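**Q** Next come the chains, spelled out residue by residue.
Number of protein chains: 2
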Amino acid sequence: MNEIKLFSPATIANLSCGFDVLGVCLDNVGDEMIVRKSDVKGVRITKIVGADLPLETEKNVSGVAALALLDEMEADCGFEIEIYKKIKAGSGIGSSAASSAGAVFGINALLGNPFSAAALVKFAMQGEKLASGSAHADNVAPALLGGFTLVRSYDPLDIIRIESPPELYATVIHPQIELKTSDARSVLKQNISLKSAIAQWGNVGGLVAGLYTKDYDLIGRSLHDEIVEPIRSVLIPGFDRIKKTAKENGALGSGISGSGPSIFALSKGKETAEKVAGAMCKIYDEMKLPYEIHVSKINDNGIKVLALK
Amino acid sequence: MNEIKLFSPATIANLSCGFDVLGVCLDNVGDEMIVRKSDVKGVRITKIVGADLPLETEKNVSGVAALALLDEMEADCGFEIEIYKKIKAGSGIGSSAASSAGAVFGINALLGNPFSAAALVKFAMQGEKLASGSAHADNVAPALLGGFTLVRSYDPLDIIRIESPPELYATVIHPQIELKTSDARSVLKQNISLKSAIAQWGNVGGLVAGLYTKDYDLIGRSLHDEIVEPIRSVLIPGFDRIKKTAKENGALGSGISGSGPSIFALSKGKETAEKVAGAMCKIYDEMKLPYEIHVSKINDNGIKVLALK
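Chains as they are written, first to last, in our numbering: chain G, 446 to 754; chain C, 446 to 754.
Keep in mind the hints are simulated off the structure, nothing from the lab. Treat the hints with caution; some may be incorrect.
No copy labels: a pair is met if it fits in one copy or bridges any two.
[To be verified] Taking lysine-lysine and the DSSO-like style, the derived pairs with C-alpha atoms no more than 27 Å apart in a straight line are: (1) Lys574 / Lys640; (2) Lys727 / Lys749; (3) Lys482 / Lys567; (4) Lys640 / Lys567; (5) Lys625 / Lys640; (6) Lys733 / Lys450; (7) Lys625 / Lys486; (8) Lys533 / Lys715; (9) Lys504 / Lys749; (10) Lys533 / Lys733.
These numbers come from a predicted model, not from an experiment.
Bound-form chain G, shown alone (with noise of 0.2 Å):
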């Protein structure tokens, strides 16, 4: 095998209580990419189409997740990289991580799977630590592993999947505004009260619990974030406007994707979250605002081999 083409997806990081440690895979969303073994050594991105993003090696969020994988493991060729970015960067559904979690699995492919992918995550965190100057897990674990994961902790890495309920679809709406991380990251507060952070993980278990017994009204119930939402959100016009539209339409709940710019909703069932992205849709459309709609399953396998040569 010399060539792999896949799919490497979008996720939601945070779903509301689970700031910093929860994320999710969308499921037809995503960015392409081929890696292909070369004789010449080392990494090299040899086309990028969809984005303007450096091609050199150190400056790209793959090259840079690549060559974390290949420090540990020599790899008696070198690699080319493909990637045709859909995602749009800066949108909050992982942009970057889609490509980082990209390049290791593609790699690892072709040299026989030394590591799993859950081993592939500190890989992909490096490509992370470039794109927002901090090694977070909470995309690219989701994108690698499928379905829900939590980040339990950081220092050792330890995350845990968790199986997404069968009926359960993601809305994302994308505002066209630009709203970068490090924006998002500077307006929050270094302390908060010890009343809302048992708040917050009292959803945070409510979240888990639901998820296991596959209880969608827990679910909405846990979709809830009075930490990071309340100061966040005001750097998206008709925040609050999409989220009451989308519980009014039948979602579980919403809540900001990633740092933002975008809004994301699950909803039990594809009719609802169509439903739902009709409904907020409509309000971008009333404000003049120009958006991009997803409506998604939860993809439980995380990337898809698209081709093998």
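Guided by the hints, dock chain C onto chain G, whose structure is given.
**A** This is chain C only, laid out in the frame that chain G set:
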């Protein structure tokens, strides 16, 4: 049916990472109570054996909890309550919760169970309010429901019951010192760092996941508290030594039971839990500190009916 004799169990609240939201029910540590119908309306505490507690209904936690129930469900008779206290007040294993929960369970049974066990929680919480000033549910919920309980939210009250993995045992050591809940509360900081809070909700998620998947190691890894334990543990003699010896003797994890001074450990299997108990006792023997020690299976059923007349 005119009389019910019941066993009302001790409980461990907080469980390290789950401050104010998690609790678990013990199997062989608890009070006995007799609740009987009476021709005289109202609630009377007719006997308390084993503790110096007020007999006046409005000053007794079981009396207050019983009145809260009868406030919502009129009865055509009155009730007498006898309490045989085995759980020491101020031990940190839910002494007041056992009395409150037992009273409402007994009256509900004599009335033909108009309320579900879950619906009884809010009445029993009124007893907790009398005991500690706050109507918390993290002891009364596991006493009434059995297993582990998660208080996802207080407003509205939303309690999730989680079955215990079958081989889980608790060891609890109670150093005979006085530590008032109000003192243990007053040392807490009202604000905490966002970083610690994130670590904490990662662990709450991990503990809930470990319980559902019966992953004993994950349960152990998640029994970690970097917010409350470092502050409160200085009030408990020998805490660090007890914690260290528990781990060395095979416990999955350990921490402060409720607001202390009892220290709990969870272990896989009775043998390990007993070994941990022996090692804990040795520390307090060396320190010449009097103590009580308990080893108990997790009780998945909560309050037990001992006799009906």
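**Q** All hints, please: hold or fail.
**A** Structure-based check of each hint:
Taking CA atoms no more than 27 Å apart as the test, Lys574 paired with Lys640 passes between copies only; the shortest distance there is 18 Å, against 31 Å inside one copy. In this assembly of identical chains, Lys727 and Lys749 lie within 27 Å of each other by CA distance neither inside one copy nor across copies; the values are 33 Å within and 56 Å between. In this assembly of identical chains, the alpha carbons of Lys482 and Lys567 lie at most 27 Å apart only when taken from the same copy (22 Å versus 64 Å across copies). For a Cα distance limit of 27 Å, the shortest separation of Lys640 from Lys567 across copies, 20 Å, qualifies, whereas the shortest one inside one copy, 33 Å, does not.
Taking identical chains as interchangeable, the C-alpha atoms of Lys625 and Lys640 lie at most 27 Å apart only when they sit on different chains, with a minimum of 21 Å there against 29 Å within one chain. In this assembly of identical chains, Lys733 and Lys450 lie within 27 Å of each other by CA distance neither inside one copy nor across copies; the values are 38 Å within and 69 Å between. In this assembly of identical chains, Lys625 and Lys486 lie within 27 Å of each other by CA distance neither inside one copy nor across copies; the values are 35 Å within and 67 Å between. Proximity of Lys533 and Lys715 under a CA criterion of 27 Å is satisfied intra-copy only: 24 Å inside one chain copy versus 55 Å between copies.
Taking CA atoms no more than 27 Å apart as the test, Lys504 paired with Lys749 passes inside one copy only; the shortest distance there is 25 Å, against 65 Å between copies. In this homomeric assembly, Lys533 and Lys733 come within 27 Å of each other (Cα to Cα) only inside a single copy, at 20 Å, whereas the closest approach across copies is 66 Å.
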